[in-house]
Amino acid sequence: KKIVLRRALEFVPNSVKLWKTAIDLENVADARILLGRAVECVPHSVDMWLALARLETYDNARKVLNQAREALPTEPAIWITAAKLEEAQGNKQVVDRIIDKAIASLTQYQVVVDREHWLREAETAEAAGAP
Numbered sequence: 002k003k004i005v006l007r008r009a010l011e012f013v014p015n016s017v018k019l020w021k022t023a024i025d026l027e028n029v030a031d032a033r034i035l036l037g038r039a040v041e042c043v044p045h046s047v048d049m050w051l052a053l054a055r056l057e058t059y060d061n062a063r064k065v066l067n068q069a070r071e072a073l074p075t076e077p078a079i080w081i082t083a084a085k086l087e088e089a090q091g092n093k094q095v096v097d098r099i100i101d102k103a104i105a106s107l108t109q110y111q112v113v114v115d116r117e118h119w120l121r122e123a124e125t126a127e128a129a130g131a132p
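First residue of the sequence shown? That's 2 in this note's numbering, and the numbers climb one at a time after it.
Heads up, a few of these hints could be off.
As the list claims (entries may be wrong) - For lysine-lysine, the following DSSO-like pairs were computed, each having C-alpha atoms within a straight-line distance of at most 30 Å:
#1 Lys64 x Lys21
#2 Lys18 x Lys3
#3 Lys64 x Lys3
#4 Lys93 x Lys64
#5 Lys21 x Lys85
#6 Lys3 x Lys21
What the hints assert, rightly or not - Computed beta-carbon distance windows for the label pairs:
#7 Gln111 x Ala9: 32 to 40 Å
#8 Asp60 x Phe12: 30 to 38 Å
#9 Thr75 x Ile4: 18 to 26 Å
#10 Leu120 x Arg8: 38 to 46 Å
None of these hints come from the bench; they were simulated from the model.
Idealized CB from N, CA, C, for every residue including glycine.
With these hints in hand, go ahead and build the complete structure from the sequences.
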């Protein structure tokens, strides 16, 4: 099945569904490699960027999220994930800077994040033990 999926990806490299299916069949190390390729082929996939960041070390996750912000500057989930990553490391000042940059960037691109979305994110962060 892996071979068939990889062959299919050679012909349809922009299929998010094919990438997700192929990645699900891999171990963590191979999934990380496939996700690295996936974000090159489908840079508009927020899920792929976030999955790759989750599998990386702290330093590499920061790099991945920075690349994701360049590819998808209007996506709030990437900014939120970056803030959560820094918060998990205890970097309160960095979290504040990320939030300030997120607000400025999203405003520049005229992105409106509704109140319900922010409340869901706050509830998730609180449930995870964020201060």
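Hint check:
1. As the CA atoms of Lys64 and Lys21 are separated by approximately 22 Å, the hinted pair is consistent with the 30 Å bound.
2. Between the alpha carbons of Lys18 and Lys3 the distance comes to roughly 14 Å, so the proposed pair stays at or under 30 Å and holds.
3. A hinted pair counts as satisfied when its Cα atoms are at most 30 Å apart, and Lys64 with Lys3 qualifies at roughly 28 Å.
4. About 19 Å separates the Cα atoms of Lys93 and Lys64, which keeps this hinted pair within 30 Å; it holds.
5. As the CA atoms of Lys21 and Lys85 are separated by approximately 24 Å, the hinted pair is consistent with the 30 Å bound.
6. For the hint linking Lys3 to Lys21, the alpha-carbon distance of about 12 Å falls within 30 Å, and the restraint holds.
7. Distance hint check: the CB atoms of Gln111 and Ala9 are about 38 Å apart, consistent with the given range 32 to 40 Å.
8. Take Asp60 and Phe12: their Cβ atoms lie about 35 Å apart, and the range 30 to 38 Å holds.
9. Hint check: Thr75 to Ile4, Cβ distance near 37 Å, so the stated range 18 to 26 Å is violated.
10. Taking 38 to 46 Å as the suggested C-beta distance range, the pair Leu120 and Arg8 conforms, at roughly 44 Å.
Consistency note: the structure conflicts with earlier hint 9 alone.
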